[in-house]
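Work the whole structure out from these sequences, hints included.
Here the sequence shown is numbered in this note's numbering, starting from 1224 and rising by one per residue.
A hint or two may mislead.
Label pairs and their in silico Cβ distance ranges [said to hold, decoys possible]:
1. T1364 to I1309: 39 to 49 Å
2. A1381 to R1264: 33 to 43 Å
3. H1239 to A1308: 25 to 35 Å
4. E1300 to A1275: 36 to 46 Å
5. L1375 to H1305: 17 to 27 Å
6. R1304 to G1365: 39 to 49 Å
7. E1344 to P1312: 35 to 45 Å
Read the hints as simulated data drawn from the structure, not as lab findings. Built from N, CA and C at the ideal position, the CB exists for glycine as well.
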Amino acid sequence: MNRPGGAGRAAERLVHLASPGGAVRATVDRHGGGLHSLTYRGEPLVRTYDAAGPVPYCAGSVLFPWPNRVRGGVWSEGTSRHRLAITDPELGNANHGLVLDAWFDVAGPGADRVVVSTVVEPQRGFPFRLALDITYRVDDTGLIVEHTIRNLGGPDIAALIWDKI
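Structure below.
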């Protein structure tokens, strides 16, 4: 997956959506796959951020394959124990999953919908390969978000997802 200009220039980083009647507008950030903005009749419904920089406080972020924090980076599934990379050294936790800095590909774009996708590759503490597709669709009543997770091989694994919308 290519990431234009590191985190990406705003024009290439954002995907713009508008409902058929124009009442609802949204932008999706390809850096992290989350919701960047959402308006209804011109009124903002979520806090947005400067797309030329980092995403502050995980605004609109997708937290996958786990939300929140894994204390000490250690977790178990079945009889296996795993140790994730620590992303919050001050508290000693692995925070907010593995896609916060992932670059999402765009498929099926339209004026009112888009599918953004990424693959989580096996890595320290997470020896699984999972595909994540997120469909964002707007109509004149609001925003619809659907997630599809596919195991691309290896053992079965539970995964959680959280959208900070």
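Taking the hints in turn, this is what the structure says about them:
1. T1364 to I1309: 39 to 49 Å: Given about 42 Å between the Cβ atoms, the range holds.
2. A1381 to R1264: 33 to 43 Å: holds (40 Å)
3. H1239 to A1308: 25 to 35 Å: holds (34 Å)
4. E1300 to A1275: 36 to 46 Å: At 39 Å between Cβs, range holds.
5. L1375 to H1305: 17 to 27 Å: holds (18 Å)
6. R1304 to G1365: 39 to 49 Å: The hint (39 to 49 Å, Cβ to Cβ) holds, given that R1304 and G1365 are roughly 42 Å apart.
7. E1344 to P1312: 35 to 45 Å: The hint (35 to 45 Å, Cβ to Cβ) is violated, given that E1344 and P1312 are roughly 23 Å apart.
When the structure is compared with the earlier hints, a violation turns up for hint 7 alone.
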